[in-house]
Structures are given as C-alpha cells and as structure tokens.
Amino acid sequence: MAGGLPLHALPAAALRDRIASREVSAEEAARHFLDRIARLDGGIGAFLRVDAEGALRSARASDARLDAGGAPRPLEGVPVAVKDNLNVEGLPTTCASRILEGFVAPRDATAVARLRAAGAVILGKTNLDEFAMGSSTENSAFGPTRNPRDPSRVPGGSSGGSAAAVAAGFAPLALGSDTGGSIRQPAALCGILGLKPTYGRVSRSGLVAFGSSLDQVGPLCRTAADAALALSVIAGRDPMDATSLALEAPAASLAEGGLRGMRVGVVKEHLEGEGLEPAVKAAVEAAVGVLRAGGAEVREVSLPRSGDGIAVYYLVATSEASSNLARFDGVRYGLRVEGRDLAGMYEETRDRGFGTEVKRRILLGTFALSAGYADAYYQRALRVRRLIADDLDRAFREVDVLVGPTAPTVAFPLGEKIEDPLAMYLCDVFAVTANLAGIPAVSVPCGADPAGLPAGFQVMAPALREDAALRAAAAVEAAGLLPAALPGAFA
Amino acid sequence: MPLPPHGPDEVRRIAALARIRLAPGEAEPLARDFGRILGYVDRLRARDEADAVEPLVHAVPPAEPASTLRPDGPAVGPAAPLPLAQVIAAAPDHDGRLLRVPRVLEEGR
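Chains as they are written, first to last, in the working numbering: chain A, 1 to 491; chain B, 1 to 109.
These are computed hints drawn from the structure, not numbers from a lab. Among these hints, one or two may not hold up.
Per the computed footprint, the stretches of chain B lying under chain A, defined by three or more beta-carbons under 8 Å from a beta-carbon of chain A, are [unchecked claim]: (1) 15–22; (2) 47–53; (3) 72–82; (4) 91–105.
Since the model is a prediction, treat every value here as computed from it, not as a measurement. Yeah, the Cβ is synthetic: ideal placement off N, Cα and C, and Gly gets one too.
Using the sequences and the accompanying hints, generate a full structural model.
So, in structure tokens, the structure goes:
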C-alpha cells in the first residue's frame, strides 16, 4: 500500500488526503474497514450495528463527487463510527437499552449530519453503557465491549464501543458523548485520544439526553490534529439546541502552534489522588517532562475542592437523568409492557426496559430531587459545583492548561467493578471536573504499565480554549510515549 | 440535617415516585448501594463555604433567550418539524394520528 501504513493505521486526515488525491477510492477504504469489522469485531463487540450498505452508498457518492471534479470535503470518504446514543437517520438508536427496542431514528443528530456534509462515511453504531451510564461498557443490554489491547479487560466507558473501534482499527474516527468522562476515560484505557469540547460547542440535538447541563458530543481518534479536524466539522451554533453557543466552528488547524509560552499547571490533588496506580502516575510524570522539555513553563496548582467532584457529579447527573429519562414511559418510544392500568404500564415498562445501573441512577436522582431532600442534596451539590468551578477560574488566571491523569487506573478486568457502583464511579474522579465546569478537556496516551496497558494524560483548558488543550496533547502525542503496537490480529 | 433513611422501604417509596416497579428482592441491594453512595456524598455537608455561594445550575450560561429562540412559526430546513406520521410511528401503539394508551379513568367514573 502506498506510504507504508495500512489504511486502518492512518489518522483520519491522512486517509482523507489519500482519498482526495485518488490514491485510494472511498469505496476501497470503506470496504477495508467493513472487512476488518466483519473479521475481528466478534472478539471485541465494538459495534451494535454495522450499516455496510449505507456506508458503501456514501463512499460511492464521495467517489462520484471526486470523479466529477468536485472539491474534496474535509472528511471526504473517511469512515466514522457513531455512539449509539446519537441518532443516525434510518438506523435504530438503542442507547444499549431494551427500553428503546424498535425505535428507528427519524433524522440525523446535528453532529452526524455535519459529518455527512463534510463527506464522512457512517459505518454504524457503537456499544455503550446503557444511556451512557457507566465507565466500562459492561452495562449494555447487548453485552460488553472488550479492550483491543487486552480482550479480558474493559475498554472503559461509556463510549467504550467508539474507543475500542478506533483502537482496533475499525474506524479512524468515532463520535462519543461525555457527561462525566465518557469520551476521555475510554480513550485513556484504549490508548487513543478523546476530546470533550466546551459545553455548548457542539449541538446536543439528536443526542439522547442524560445530564443536560453536562452532556457534550466529541471525537475519539488517534491524533490531536484529527480531533481538531473533527471539531471544526461538528461544532458551531445550531438552532435545534438552545444551549449551543453562537460561535463559528474553530479552524481545523487548532492543534497546531506548539508549546511556546504555554503555562502548564499540574493538578496536585489529581497526582496525589487516592487510588492512582503507580504506573499511571509515572506515565503522567513522563508526559509532564515532555511538556517541560518542549518549552512549557510547568508549575504545581491546587484545586482544593476537586475531591468533591464525584459526590457533586453523582447528585447532579442523576437528578438530571431522573428527569430526562421520564420520557421513556411506554407511550412515545420503543418498548411497552402492558400493566393493570396506565400507572402499571409505566412501571412494568420501566422495570423491564431499564437495566440495574439506570434504575439505580434514576432512583438516586429522584431521591436527590424529592421533597425534603432537594435542598440537602441537589442544591448542596450545585453550590459545591460552583466552588469547584471557582477553583478552576482561579487556577486559569495563573496557567493556560491544567494537566494530570485522565483515570486513576489502566483498563481493569471485566467484572472487577461491576458489583461495586461506587468503585466504578471513582474511575471518573479526575474527569468529572471538566464537565461540572463546562470546560474542554482532552485525554492523550502517555505511556503504558508493564503489561502494556495504556495510561491517559488529561489536559483541561478554559472554556473555548480547545486550542490550548490540543496543542499540549499534540506535544505529548509527538513524544510517542505509548507503543503503537496492538496485539496480533489488530496490528 | 438528619441522615436520610435508605432502607428497602425508602427505596420502594422512591421507586414509586420514579414509576419503576421493583421485583421482589430488588429493593434490598439497591438500599445497600444507596447507603454507601449517600455515605460518600455526605462529604459535601462539611463544605461550610458552600453556604455562601449560589448554586451553579449551568456552567456555560446559554445566551439571552431572544438570541437563541427560533422565530415563532413553522421552521424550515433542518429544524423543520418531522412529519406527523413519522413521529407517531415511533410510538409502540398508535391509531391513525393518535397514540393509544391504557384506560386512565375506571369504568363508571
């Protein structure tokens, strides 16, 4: 193959350039990825649904456009996987839940529509924790996804299918959603890059709502440049989402510019966090060394209330979820289980339709919002949320980015935390900060433990400063701290 | 503030509010999880400085409604309403233009 690397090892931008220059046709590229998925996804379970026919149709349309002399678009012919809580017209949206059984999306989510308009080829829908509630992709009604680096381990979650798809070379680019780390933590555990944009950067229209003040759509991919490219396509004001910011999408060159003059704050509490594995800590310190050697000014920064993040998050996110998921009532979408009367139908449908973790969170949120407890729990959490955001504001007066580990551990074995919700929640102890404050954050691979399991380096930046986060991530990426090799069949 | 009850009866009360039926034996493990999770979030009570600040509902406030709301009329383009038939078709039970639901009022009332 021209250029040495097989198609599935290329970043999205490089694959797009090969297609644009007609070295390879979009149809050949699509067939290459579809063939890999058909051969290898049985052992991973990244996809819930592959739309081979739709993908080939889009790919041929790209080829026809180029044949006719049309200018290649930013993602011309690039295969993309989409988390199955984002609507793709004509395909089921399951959210990995029984309760949406039979539901077919009537139109594309805005982010998906923008990908298509940029020439992307939608390969299919990827697995997730039910309604994006989880950190391991084990809470799926359709079975778990496995980590391509070690299939006995989880890929992280909740965008575990999208992360595994990119890591396994099933797609160079995938969409995920991040409510409390759901893009960054699986990116870290699978050894790829994930970006949670500023809240409001990307339209949430067509994303099934979980925690509406926290949810944000973003890319999973291999390089900071690809994340910038994807963001330049999917971001920007959308009349369909009143919380989308009235701003143009940033440029695709967002990750360029290097480290010159960058002030980096290492979050003390994150590097001394409880449960941080020594190998992860060492990998993060190596990445900090890369930034320092690259010319950044590095100092230690304290976020004194960041240890409260998980407590705040699990009250705010569950409260919002209990309200958002009230719409799944057996009347409007998907599943209905008959009951003795209307209330009985609701109760039977929601009992049968929701899995254990979703029920647990709806109940926790219902409790946190209930009469007599709302002030002590929901309102209290929102006040501490402000303290956490204030700490970040203060820190960003002194530094341009804040860095630390994305997750405290490398990928853990399937089953290890599934019976212990609190242990699972603590996977996101460093990630939730960015969601609570609405700021952008990137996870970039920064090394591996002795068994070769990847560790992720998190870079947070002030609102709308994805450029700073991606420039720092690009510098860490360029150091090549994580060996690229995947085991056996995935190489 | 008293520590909230989180035994199985309380879990069943909350489940009824959330319109979720719990199978026999399902409330007990949930009550155990609740106990641990609420014990963990209890740390927020120690943040005395939280009393002095306003709740943060939305970290990035949306723009003024006047600039975010669409004009009050039928939208065109990507924001156009879906055809009614398509919306109705997504429901598990429907009859022409209507969604069919179980009887709400009892006979004779």
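Evaluated hints:
1. 15–22: With 7 residues closer than 8 Å to chain A, the segment 15–22 of chain B meets the three-residue bar; holds.
2. 47–53: Result for this restraint: holds, n = 5.
3. 72–82: holds (count 4)
4. 91–105: holds (count 8)
In the structure shown, no violation is registered for any of the earlier numbered hints.
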